[in-house]
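In order, the protein sequences belong to chains A and B.
Number 194 in my numbering belongs to position 176 of the first sequence; there are no gaps in the numbering.
Number 418 in my numbering belongs to position 144 of the second sequence; there are no gaps in the numbering.
Derived by calculation from the structure, the hints in this document are not laboratory data.
Ideal Cβ placement from N, Cα and C applies to all residues, glycine included.
Not the full set, but computed from the structure, chain A residues with beta-carbon under 10 angstroms of chain B: (1) 115; (2) 126; (3) 138; (4) 192.
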Amino acid sequence: MSDKILQITNPVLSISNLSIAYGKKDKLAVKDVSADVKRNNITAIMGPSGCGKSTLLRAINRMHELYPNIHTEGEIKLNGETIYEMSTSKLRRKIGMVFQRPNPFPTMSIYENVIAGYDLNGSKLKKNEKDEIVETSLHDVGLFEEVKDSLNKKGNFLSGGQQQRLCIARALAFKPEVILMDEPTSALDPLSTAKIEDLLVELKVHYSIILVTHNMSQAARISDNAMFMYLGELVEYDKTKTMFTNPKDPRTEGYLTGKFG
Amino acid sequence: MEKALINKNEGSNWRELKNKLFFGLVIVLSGITIMPILLIVYKLLSKGLRQINLDFFFKVAPDTLQAMSAVQSGEIIPGGIANGITGTLLMVAVASLIAIPVSILIGIFLYENPGKKYASLIRNLTDILQGVPSVVLGLIAYFWIVKGVTNGFSALAGSVALSIMMLPLIIRSTEETMKMIPVSIKEAGAALGVPYHRIIFKIMIPSGFSGLMTGILLSISRVLGETAPLMLTTLGNRAINFNITKPTSAVPLQIWEFYNNPNMIDLVWSSSLFLVGFVLTLNIIAKRISTKYS
Ligand SMILES: Nc1ncnc2c1ncn2[C@@H]1O[C@H](COP(=O)(O)OP(=O)(O)OP(=O)(O)O)[C@@H](O)[C@H]1O
Ligand SMILES: [Mg+2]
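Whenever a hint applies, use it, and build me the whole structure from the sequences.
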């Protein structure tokens, strides 16, 4: 492997030779990407618009399969287990996802939203087990104090940042190993963004986080490792500090210095 | 200088006049549009209200003799339209049981396969179905059910005819409702590993509940007053009947029967008033639901 790709021992995720095409096989959205993801770290994925960040991220919990005519080659392993051999429901319990815009279920209360992963999958939990999961998840995202008196109300009175934390709590309720986040703060104001960033740094103690971001300073602030993608290729993958101070590829340097993107 | 001033005045006078003319035209045209509705409601109230009492809802239609003697002595006609009301409710309920699940599933299928050939085929067929005259649907139900299943006129046959009429409306409103729900809600479900059928039943349908409900209520109010298909399928019944394999009355059928009996003309008005009131109420509820929850 080239020296532009970080080597990691005992990775939580290991992606090898992953290529993805929407429709036509010769037009690849992700080109032969190989990378390992370090446990209990924040790994940022950066790159200009359309370079394949979301596609790569969605391949990790197989959400990209929701699109018709998608072609996938290569392999992804979670703790050594090939994800394409697991059921999607088992996989997505272990790999949670948070989206660009907060998307709590509009018909459900705050409580129901947090426990939705269990309820919608038909798990039979006792009331006190549910209460416990809801409370810890909301605690973990720092929302419990703010909403503890309105758990049975719909979440639409919450601010954007609170709604996004609710969505993170919903993902945490499963106690996943990995949390995928696609630009989770791009729809939020600076204050909410700062709160979520602090939260992610706290969460990485228990979870491995992969964060797609357009915001270079965000990547620099909170990520441990960073990938730089360009036209579907993983151009460079390194410790964030190293990448920002000493990029090895001219394309990475160009992006980081604002020459394009 | 003076001339210019006069010209200017003339111009603004002309513009004012044009505005007034246009305003007047709008008033007249709106009046013409609203007039029939007002006339109908006025006529129904003035002629029909007299007949409406408790008996009207709880007794079956009188026979000719009873009606005749009441008319001759200037009293209100005894009896009511309980057989018609129960028949209408029975048939609308059975029609809904058939039409609602089928059309919601088709609507969701269309939403899930927007660009597919067979989806647009179904969409076109739905549009065609909407244009088929109701009497033709009655004929079809006659051949399928009256001849084929119940061996005689039956509420079931009427329900089938009505349910076919309900399909296009609910299919369309389901598809439109689903399109309004943000994809991100569906993705949130998928990302939690929720299986497809649960995403549909536990996330999409509840999220679109008000839209679906509106479509259903409007389709019911659309078929409530249908007469022609019922004449070919359920015929009518002088008694209250809850057996779907037997002939059954319905309010619009009764209106037609009353109309053909010179002694029962008053009941035409009161039954029509009831039907219009029912349809209006459903429409208002549908509007309420769609504004309250969206
Ligand atoms: N549903 C789709 N159907 C067809 N092509 C798609 C689809 N989604 C993405 N693509 C294409 O795949 C490529 C990668 O898209 P992707 O969304 O992964 O980029 P991205 O890096 O996340 O961009 P952004 O920063 O704008 O979110 C782009 O060329 C895009 O046009
Ligand atoms: Mg993206």
